[in-house]
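K.L.:
Each chain, written out:
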Amino acid sequence: MFVAFASCAGAQHLISLDDIPDSRIKSVVVEFTSTIREAKKGTAELVVLAFLEDESCHGYELTQLIEARSGGALTFNFASLYATLYKLEERKWIQGRWVEKPGQRRRRYYTITAHGRDVLAAQRKEWRRFFELIRDLAGVTYA
Amino acid sequence: MRDRELRQWRALVRDRADREWRALSSDVVDELACHLADLHGSALAVGASDDEARRRALDVLNAASFLELSKRPRARRFPGGHMHDIRLAVRQLRATPIVTVVAVLSLALGIGANTAMFSIVDSLVLRALPVRQPGRLAIVSDDGHRAYWMTYPIWSDIQSRHLFENAFAWSTARFNLAERGETEFVDGIWTSAGIFDTLGIAPILGRGFTDADDRRGGGPDGPIAVISYSFWQRRFGGAADTVGRRLTLERIPFTIVGIMPPDFFGPDVGRRFDVAIPLGAEPLVRGKETFLDGPWTWWLAIMGRLKPPQSIETATASFRGVLPQIRAATLPPNASPETWASNLKDTFTLIPAANGDSGLRARYQRPLIAMMIVVALVLLIACANIANLLLARAAARVHEMSIRRALGASPWRLARQLLVESLVLSTAGALLGWLVARWGSQLLVRELSTQTNTVFLDLSLDWRVLGFTATVTVATALLFGIAPAFRSSKVEPIDALKEHGSASARGTSTAMRIFAVRINLAGSLVVAQVALSVVLVVAAGLFVRTFSKLATLPLGFDRDRLLVVTVDMQRAPIDAVTQSLRPAQRVPTLERALESVRRLPGVRGAGLSLLTPVSDGGWNGRFEVPGGVPLTDRERRAYRNMVSPGWFATFGTLILAGRDFAETDRAGAPPVAIVNEAFARHFLNGASPVGRTVRQAARAPGEFAPAGFEIIGLAADAIYKSVRDPVPPTVYTSIFQPGGPPFASLRLTVRAAIGPPALLSRSVAAAMTAVNPDFALTFRTMSDSIDASLTQERVVAMLSGFFGGLALLLAGLGLYGVTAYAVARRRTEIGIRMALGAAPGGVVRLVLTRVVLLIAAGIALGAGLGAWAAQFVASLLYGLEPRDPATLAAAAITLAATGTLAGWLPARRAARIDPAAALRES
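Top line first, the protein sequences correspond to chains A and B.
Residue 141 in the working numbering sits at position 141 of the first sequence, with consecutive numbering throughout.
Residue 1797 in the working numbering sits at position 797 of the second sequence, with consecutive numbering throughout.
Derived from the structure by calculation, the hints contain no laboratory data.
None of these values were measured; they are calculated from a predicted model.
One should not assume that every hint holds.
[Claimed, not checked] So these bits of chain A aren't anywhere near chain B, every CB distance computed over 10 Å: (1) D54; (2) Y60; (3) G71; (4) N77; (5) P102; (6) R105; (7) R107; (8) K125; (9) I134.
[Claimed, not checked] For the chain B half of the interface with chain A, some residues (derived, Cβ under 10 Å), not all of them: (10) L1006; (11) E1031; (12) H1035; (13) L1044; (14) A1063; (15) S1065; (16) L1067; (17) N1453; (18) V1455; (19) F1456; (20) L1459; (21) W1463.
[To be verified] Just some of the chain B residues that point at chain A, by a computed CB distance under 10 Å: (22) C1034; (23) G1047; (24) F1066; (25) L1069.
Cβ atoms here follow ideal geometry from the backbone N, Cα and C, with glycine treated the same way.
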């Protein structure tokens, strides 16, 4: 089993878990997995904010949009999507409101708040810096 | 349509969350339901079938985890300072753990019992059916409380007149799932096709019934059934392909066409249907004996949705307007004038059916109200106890309070602090009580169920139960918290200094004033507690004695070691044409089975009968004995049963005169009958009936069948339908002689020679299926049937006994606490008295005198209260006067003994005080 790390010299480097003392393996794996999980969570929030930047959407619409624009590569678990939306709402980055449009059932539409826009801008900047760093360190580029 | 669909998705989301033990806010449920409905709609839009679309949405729901959603934080902020009060209260309560634990436990029991009772009352009496606009539903009734059962011809006529926007007729039933041998029943309903449209409920999978399905003999899809959500989960594990599968009911394969939403249990409250079958399929099950043709078979309840803007009064008026036409169209031409007069009387009325129809409600409403009062009294006693505890603590905290006053706290601030403590205490009690309630209400519902009647009540949370518990919690806190809070707010800052002054100064301090007031208030609380406990112990005594009288009543037969086998021969194919056992062949076939059962080892005797005591059925008619007592037509009513030779011996019922039926009393021989003592008393003024003739009345009043039965024996009185009812006049005829109603099931009763009769089930089943493998057999011991018939009395006795005992315990604890506190306060005084030569006996008397006075006052008050209140439960008693002196005396003695013991323990401790030590401490 191998885990990929970026070495400080900039070149991609593979470390065999066999090279690491047993006591360290668990903590390395846990650390690595939790980093990925955190990154994923952060990404989900970023994606939701980005989709709400231009227009208000309800939950189902959002899943359809994300799925369509990512060509099916990115899908949200039904419950996780709403968990993310509620979290963002708690932080006051977005605001949900029940709207009943003529001929349609009542739905909860989410709109990005001014604070949410600031956060989105800051996060974009952060991610951009991160990818630049990765590019410089690992030679990985992103589209 | 859209609303109904959303409601279904909401119910599914809630059910899913419940199964994960997650609580979701209603906003979240709404939003998730909306999402699933959109998913379903999109799938339909791209061409998926309805089932496929639902399945896709269900898959998404099933794959979700609600862990993160249930944690959705909500903004909550306590008004300034209250959080601090709560923290302080928790700290105070933790400082006196024993007091807190006793208080919380008694509150948990009190609030829990109240919530449990209320949640049952809520689901049985208050809660509306989970259907569309339940307020627009009505049922046809003649007494203004329950549905009146109609015949199928009457239902067909009502349906054709379009009196309602939509209507349906239904009848509860139990369907046998077993393909052969011993039965396995499931609760079901026969229903006309309009049920789901009338109620505004659509299946979550598949379809409901159409008019075509309701055609006699089954619709284009053959015999079909709709099943409940819980049955779907239980039997099919919630498999998505259940629709279309086969289900054997009453030995006939039915096709499942739909699955109902999880919260839908049918039109009956107190019962849940698992399988619904269209009325049209009934002839497939009952064959020639179908109820659909029976002008005398009253079995269908009718529910309709009022046409807008019709009110229930105008709908009743239009229903009554067409009654004469319905009567003319549905009564057979040979009906007697009496039947014409009594059938479909003008007293028929439509009653609101928002809460459904319920036999359980009719039966348990009074006992439930009685139990609600009982548990309310228990809570009051618990409150009195806690008030006493808190008063004691308030007196002990005078120093702390006065210091806080000296530091600038306002009297209101101190009172608020104590009230918050009370609220924290009652909230802790309520939270624990909630668990007690969940457990208690479920246990109670289980206790109400019997082998043949599974009680189902929707005990899920609703705003009424939550509101009730919240109100009880706050009211309880105020009840026991207001007196200590009020007293503490009266503390003066100067008391802090006085408390640390000399012993003489203490005499004038607030602490002493509070102590003095406390003693008076505590005394009154103890009197109230004892009085309420007397009421509860009297109630417990009355109910327990009622049950024990009924349970030990002579039945007229020996109930032990009897196994009753109900043999259903409906689907026992003997006749190649009708595919069922011809009625004429049923008795001979059963006789063969009887013979083989009698030969089994361990069987002492066996007999056949049409009915057995306390079974669900009864058969009555009007009789006359020529030369007997002249009676009016109504007074001629007597019950009837058909039995085989040896049946009386099997039951252990004595033949007091004449003889039992003999093997020779068969078709062709002169018709014979045996009557019971009640019959001889009623029809012959107690003269011997043997040798006389009894004739059954014809349909028209005053006319009797020319051929009668010769009475050959007098049987001892034995109960017929109910243990509670007096033994009715009963006529037994031979089952081997013609003249009975058409029947598809008979009872075979077996007496075991030794040991529990249920152990014979296997060998009896084997012997009977060897005679005919298609018999459907249901086994039940006679003891079990009799116990089940006394369920109401048993449950009431059990509950009142438990709460009576609890009240006694709480009253004892209260008295003990008050006396122990008084002894502790008077330690120095007692020490001085003893130093001056008082004997230990004198000290015990000193302490006990006050206790005895309090108890005596309580008992006097309680006995008066109990005697007055008992009249309201008179209808629930059996063989007892509501003011039964023995019960009142026993309650008074029990309370006196418990109270004296509770007072004697601290008194004995007082007598052992070492005077020197007591004086040193002071």
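K.L.:
List in ascending order the numbers of the hints, as given earlier, that are violated by the structure.
P.N.:
Going through the list in order, the structure violates hints 2, 4, 6, 7, 13, 17, 18, 19, 20, 21 and 23 and respects the others.
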